[in-house]
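Order-wise, the sequence lines are chains A, B and C. Numbered per my numbering, the first sequence spans residues 1 to 369. Numbered per my numbering, the second sequence spans residues 1001 to 1373. Numbered per my numbering, the third sequence spans residues 2001 to 2590.
These are calculated hints, taken from the structure and not from any lab test. Keep in mind that this is a model prediction, so the values were computed, not measured. Be aware that a few hints might be false.
Stated by the list, open to error - Taking lysine to any residue pairs in the SDA-like style, the calculated list, with each CA pair at most 20 Å apart, reads:
1) K1070(B) - G336(A)
2) K94(A) - P1157(B)
3) K149(A) - R1153(B)
4) K2423(C) - T281(A)
5) K149(A) - L110(A)
6) K1070(B) - D1105(B)
7) K94(A) - G1311(B)
8) K1370(B) - V2079(C)
9) K77(A) - I1310(B)
10) K2250(C) - S2284(C)
11) K1090(B) - V339(A)
12) K1090(B) - L110(A)
13) K2423(C) - P1157(B)
14) K94(A) - K1090(B)
15) K94(A) - G1255(B)
16) K1370(B) - D2067(C)
17) K2423(C) - L210(A)
18) K1070(B) - M162(A)
19) K2313(C) - V2079(C)
20) K2313(C) - K2423(C)
21) K77(A) - R1153(B)
22) K2423(C) - D2049(C)
23) K18(A) - G2428(C)
24) K2423(C) - H2531(C)
25) K2313(C) - G2477(C)
26) K1070(B) - S1004(B)
27) K77(A) - A1344(B)
28) K149(A) - G1154(B)
29) K1370(B) - Q2094(C)
30) K94(A) - P72(A)
31) K1090(B) - T338(A)
As the list claims (entries may be wrong) - These stretches of chain A come out as covered by chain C in the derived footprint (C-beta under 8 Å, 3 or more residues):
32) 9 to 17
33) 195 to 205
Claimed, not checked - Among the chain A residues that face chain C by a calculated CB cut under 8 Å, a handful are:
34) H3
35) I32
36) Q208
37) T212
38) P213
39) M214
Beta carbons are placed, not taken as given, at the ideal position from N, Cα and C, and that holds for glycine.
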Amino acid sequence: MWHQVFALIVKELLAVLKDRKSRLVLIGPPLIQLMVFGYAATFDLDHVPIAVYDEDLSAESRDLVARFTGSPVFEPKAFLRSARDIDQLIDQRKVAMVLSVDRRFTRDLLLHRPARVQLIVDGRNSNTALLVLGYANSIITDFSLSWVKGHGGRAPPAVLEMRARYNPTLSSQWFIVPGIVAVLTQVVVLLVIGLSVAREREAGTFDQLLVTPMRQIDILLGKGLPGLLIGGIEASVIILAAILWFSVPLRGGLLPLYFGLFLFVAAVTGIGLMISSLAVTQQQALLGAFLFMVPSITLSDFATPIANMPSLIQDLTQINPMRHFLAVVRGVFLEGATVPSLAPHYWPMAAVAAASLFAAGWLFRRRVY
Amino acid sequence: MRDSLGRLRGLLRKEFLQIRRDPSAIAVAFLLPAFLLLIFGFGVSLDAHDVPVGVVVDHPDALAASFTGKLANSPYFQPRSFAAMAEAEKALASHEVTAIVWLRDDFTRRALSGGEAPVGVIVNGTDANSARIVEGYVQQAWANWLQAEASERGAPPPLPVAVTQTVRFNPAVSSRDYLIPGLIAMIMTLTGALLTALVIAREWERGTMEALMVTRATIREILLAKLLPYFLLGMGGMAASVIMAATVFDVPFHGSLAVLSATSALFLLAALGMGLLISSVARNQFVAGQIAIITTFLPAFILSGFIFDIGSMPAPVRFITHVVAARYFVAILQTVFLAGDVWAVILPNALALAAMAAIFLGIARLSARKRLD
Amino acid sequence: MAAAPEPAAALRLDGVTRLFRAGRRSVVAVDEVSGRVERGAVTGLIGPDGAGKTTLMRLCAGLLLPDRGRIEVLGVDVVQAPAAVQARIGYMPQRFGLYEDLTVQENLDLYAELQGMPAAARGPRYEELLHMTGLARFTDRLAGRLSGGMKQKLGLACTLLGTPELLFLDEPTVGVDPVSRRELWAIVDHLTRSEGTTVLVSTSYLDEAERCRAVLLMHEGRLLGADDPARFTAGLSGRSFHVTAGGLGKRRLHERLSGAPGIIDATIQGAQVRIVTETASLPSAAALLPEVPDVRIVAVPPRFEDSFIALLKATRGAAGTPPAAGPPSVAAPARAGEGEEVIVVHNLTRRFGSFRAVDAVSFSVRKGEIFGLLGANGAGKSTTFRMLCGLLPPSEGSLRVAGFDLGHAAAAARGRVGYMAQKFSLYGDLSVMQNLRFFSSAYRLTGERRRRRIAWAVEQFGLGPVASTTSRDLPLGYKQRLALACALMHEPDILFLDEPTSGVDPLARREFWHRINGLAEAGVTVLVTTHFMEEAEYCDRLVIMAEGRILAAGDSESLKARLRAKERPDPTMEDAFVALIEAAASGRAA
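Full structure from sequences and hints, please.
If you want it as structure tokens, here you go:
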């Protein structure tokens, strides 16, 4: 039996490596996506274009404005002379924010009255808007605190001491790059191994396999193990790139990481084999894989947090292996998670793997077309 | 000329009959956008709410309670008390809480004497974006507490600068309102290219293209007959998506339908042109589908500015985004939905779309030959 | 400048060459072909798959550009003015170029618009064509729901709408039942006679050559000959004979004859063996088959296929001929079980929705028999075949293969069966040797036995020179050999062959049947499906299927005997098939 399985594995790997298109899928898109995702997929803001409308033009207001222009986050594009220009600049997306300092700014400061500053933000991108407001508010708070101190005022009763655990500089790259390990591994395993049953069906070789004395379990192992191997190598390369190229710290051990990877690839292989066993043609298999891939990435915590989703959808994401593997990769990379702490993420992946592989094996022979 | 119209009419009738009888084109045009819009519309949100926050108060008293009360009042937080820091840290590590707010035992003493009592805020930084948003919310709660505390004592405001925030076009700062118009652009990129690429590849696969080529129909008529029906189908899908956005997701619509329709038409032409190009490269449905997905979905997802801010990307990547048609359409849609007909945004983007449509269709026309090789 | 007075040809080819690039290699699809097609007649473009027929047709229709040479269609250079040519020709591609989700009428309307037919002219032309093709009753039916024969006729009607002067038909008769084939030829004859249309038909059925006025014979991109089909066979008159020997079975006899000196070709024809000799003289029984009693040799008229074989042998010479295959050394199973029923099928039915692909089929196959399932595409033979192999569960009825239902049997039961799929399904990316290794392991061969069987396959099937070639790039004949080698790796008792000779050239076909005969002699039970009627002659017994049902069962002699009459002393298998179909149709009408 192992002899047969081994022969199937060798055949599967040869078929993948000898086919130019499969080789391309293995090497091209992952490399490009790693680079593009790694650099393009960032929530970190820098050089956000802003405009300043300073009606006060005093030393105090200049000090405040200087704190904005000196920040790497903001880049002043215009200094306005009239309030009429504000709307236009925002509407036309020339700037993302306008800082408007009231004409009585210094006077109010000195009179201990609220000195007014207005922040007008473009809400068309609400995430950028929130972050911009966050940055701007902390600059203004800093200004307030130091002005009070400089003018002999009473210090505020309490100050915040912010610290970010696991990712002290709050770098998006540290968040996104480990995520790419999961996304690309899924894409490659799904396209290369998952679709192979549909490909063999179309070529007629799958019938040939079914007529040999191989059992379902042999075919399943023969198809699944190359998936593990290819997925493992693919993931390892990206993990290496994450550590060496993007300098993401690997704080946990390799055991919890690779145990999760093993379960994840098994689950993805099972789902892929199931989709391609159900499909009549390669094209249907491709559409099926796509229809699985899109929600599995969207509903995985990859770019947008699961915590923000409606609770029904949050429950649904429990059956998404990608979601759990993302938790494993990020946990191991950034938080140094261990096997016991990741158990709640291991078993759902194991369950999906078992169910989908079983279904795929059953479909091999039962699928009528 | 009359012959040409007759041939075009014949081809168009054939195409519509096929669409009517084969539901897969309708499925790609209407069901796929609806499915994707639902998944994304409900699944994609950047709005943090009810963030679980661990609160550790070493020495509970009235002042500390007034501070934690501000946290509890915020709609963004769901505070959970911990008796000791060690327990809270454990909860942070296991993702039970996203952040910890720690008032040390000398909090009240220092606050009342010299001031500047340090309040420890520890966030889980793994998800950097969420962490930053949570930090912003904590800061807001803290500032509110400072002002309230000072006015209670009749002291001058500790933060003399009063900030008024005006978020234009999206006062509730709801991420859904800005994500959904972008999603529509992304989905239409995919379906537009997928539709044409698949239907033309199908003609090659079934051998009917070969039969068409030997008739008197010119290549321009063949291309036009493919473009028109799927253009209409794509516009239908677009309309369905817009209606869904407005009714299911309550996204406001401030622009005019005329501008929306005109720019959608330009964008669809570019997407269909892309599909034509793909199908002239790949003559089987599987490869055409693969190329369509790889060249449209991922770039539209990352490089269109739909979710990640283009301005914050490094210059080389920013440069690449200029060839992604979705980028221009995302800008137009976000503006038309949330801001209205702002010509200064719409015109340059519409021009770019027109140029892309012309280029794609032009190349498709030039590279199409009435020949098999 | 005086033009040559010869009558203008409908098509002139002058040194036409076309290459295709496949990766780094380039393949010559059409190699220096020169020739002409006369106006007003049917010309056959004949050759096996891969001969370059389709490429040549596409070149003539302006769909491909030649790398070298000149093509003149109706006096116009097709490279210069493809549109002018396309306006005057009709072209029916393989698979007929129909829109399957449009009705018959809608297909006609579309092509009428595309040909620029004036609306007024359409009515009468539709009527004429629908009458000619017998489709008048089906105008509202979707083209995809038509039978293969009806699709082919609709495809033809669509190309005929514009009354083309020259008609190109690319393999119109592939996979179509013999009745429809005959009807198509009748239409083509009618066209040339009453409308003066020139027709160029490509086909891989050699017997169709005899229906053409002239024949262009192609093989591996080259033109082997161009002539009147009668003149092709004329050179072979007096060289074809039927041989029978009372003392030897037909297979032993065939075995002896095919190796004999002075004999170019030997094929089994029912109970006899048909031979073609090198010279035109009646061979003496004593010289040919010494020590065999009761030998009878009867002269028979030559066939077109004989001349093709003779031409092929002449061009290839001894070097190009595949190694003469001795009977494959399959470890002969005990012959004790002779006559035992190895495959039993009872009331087998398969439904797809409301459609009965196979309808209450019953038959049985005895050990050591070659059993044929004959029928056109869509007759239900592949569905039957798939159920026998356990690839498709039956809706009703029972089946037993070596005592098992392979759909549920333990893996070991499948080890007794060899299977060769349609289109020789092999792993195209793997080399010949990698395929052999893989299938030997899949059939659970290990160690010394595995090594020995691979060596056997390489030697027996002459695969040594191509061992490291990627199997996708193999010529069709080699693919067929490799597929058979893989199916025989584990010395099965039962061999399933699905359309095993489809598209290969006649030499490869002969070699293939030669091996199968050897296997049957050794006691292997062989079940084969085919749509080549003449291959029925190789089978011990066969069933003819149409529309999911068995029309007739028996050996080829008895099937033909029913038809033997004064006006038809020697009916072919195809005649028998046509008669059966017609009888079934009239039976239903009654």
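Comparing the hints with the structure gives:
Between K1070(B) and G336(A) the CA atoms are separated by roughly 33 Å; this puts the pair beyond 20 Å, and the hint is violated. Proximity of K94(A) to P1157(B) is assessed by CA-CA distance (about 35 Å); at most 20 Å being required, the pair is judged violated. A threshold of 20 Å between alpha carbons decides the hint, and for K149(A) with R1153(B) the separation of about 19 Å falls inside it, so the pair holds. For the proposed pair K2423(C) and T281(A), the alpha carbon gap of about 17 Å is at most 20 Å, so the pair holds.
Distance restraint check for K149(A) and L110(A): the Cα-Cα separation of roughly 13 Å lies within the 20 Å cut-off, and the hinted pair is therefore satisfied. For the given pair, K1070(B) sits about 19 Å from D1105(B) by alpha-carbon distance, which is consistent with the 20 Å threshold. Under the criterion of a C-alpha separation no larger than 20 Å, the hint pairing K94(A) with G1311(B) is consistent with the structure, at around 11 Å. With a CA separation close to 12 Å, the supplied pair K1370(B) and V2079(C) stays within the 20 Å bound.
Distance check on the hinted pair: K77(A) and I1310(B) sit about 17 Å apart at the alpha-carbon level, within 20 Å; holds. Proximity of K2250(C) to S2284(C) is assessed by CA-CA distance (about 19 Å); at most 20 Å being required, the pair is judged to hold. For the suggested pair K1090(B) and V339(A), the alpha carbons sit about 16 Å apart, so the restraint of at most 20 Å is met. With a C-alpha separation of about 47 Å, the suggested pairing of K1090(B) with L110(A) is violated against the 20 Å cut-off.
At roughly 87 Å between alpha-carbon atoms, K2423(C) and P1157(B) are farther apart than 20 Å, so this suggested pair is violated. Between K94(A) and K1090(B) the CA atoms are separated by roughly 46 Å; this puts the pair beyond 20 Å, and the hint is violated. For the given pair, K94(A) sits about 19 Å from G1255(B) by alpha-carbon distance, which is consistent with the 20 Å threshold. A hinted pair counts as satisfied when its Cα atoms are at most 20 Å apart, and K1370(B) with D2067(C) qualifies at roughly 17 Å.
A C-alpha spacing of about 17 Å is found between K2423(C) and L210(A), which places the hinted pair at or below 20 Å, so the restraint holds. Pair hint K1070(B) plus M162(A) holds up; C-alpha atoms about 18 Å apart against a cutoff of 20 Å. Distance check on the hinted pair: K2313(C) and V2079(C) sit about 36 Å apart at the alpha-carbon level, beyond 20 Å; violated. Simply put, K2313(C) and K2423(C) have alpha-carbon atoms about 26 Å apart, too far for the 20 Å limit, and the pair is violated.
Of the supplied pair hints, the one linking K77(A) and R1153(B) is violated, its CA atoms being roughly 42 Å apart against a limit of 20 Å. Under the criterion of a C-alpha separation no larger than 20 Å, the hint pairing K2423(C) with D2049(C) is consistent with the structure, at around 12 Å. With a C-alpha separation of about 10 Å, the suggested pair K18(A) and G2428(C) falls inside the 20 Å cut-off, and the hint holds. Between the alpha carbons of K2423(C) and H2531(C) the distance comes to roughly 14 Å, so the proposed pair stays at or under 20 Å and holds.
Restraint check for K2313(C) and G2477(C): the C-alpha separation of about 15 Å stays at or below 20 Å, so the hint holds. For a cut-off of 20 Å, the pair hint linking K1070(B) to S1004(B) is broken: about 75 Å separates their Cα positions. Restraint check for K77(A) and A1344(B): the C-alpha separation of about 17 Å stays at or below 20 Å, so the hint holds. For the hint pairing K149(A) with G1154(B), the CA-to-CA distance comes to about 19 Å; that is within 20 Å, so the pair holds.
Distance check on the hinted pair: K1370(B) and Q2094(C) sit about 18 Å apart at the alpha-carbon level, within 20 Å; holds. Distance check on the hinted pair: K94(A) and P72(A) sit about 18 Å apart at the alpha-carbon level, within 20 Å; holds. Between K1090(B) and T338(A) the alpha-carbon distance is near 13 Å, which keeps this suggested pair within the 20 Å criterion. Counting residues of the segment 9 to 17 of chain A whose beta-carbon sits less than 8 Å from any beta-carbon of chain C gives 4, enough to reach three: the coverage restraint holds.
A count of 3 residues in the segment 195 to 205 of chain A with a Cβ less than 8 Å from any Cβ of chain C is obtained; the coverage claim is therefore met, three being the minimum. Of the supplied interface hints, the one on H3(A) holds, with its beta-carbon coming within about 6 Å of a beta-carbon of chain C, less than 8 Å. Restraint check, I32(A) versus chain C: the minimum CB separation of about 24 Å is more than 8 Å; hint violated. Against a cut-off of 8 Å between C-beta atoms, the interface hint on Q208(A) holds, since the closest Cβ of chain C lies about 5 Å away.
Satisfaction of the interface hint for T212(A) is found here, the shortest Cβ-Cβ separation to chain C being roughly 4 Å, below the 8 Å cut-off. About 4 Å separates the beta-carbon of P213(A) from the nearest beta-carbon of chain C, less than 8 Å, and the hint is met. With 8 Å as the threshold, the beta carbon of M214(A) comes within range of chain C, its nearest partner Cβ sitting at about 6 Å, so the hint holds.
Figure legend: structure checked against the earlier numbered hints; hints not met, in rising order: 1, 2, 12, 13, 14, 19, 20, 21, 26 and 35.
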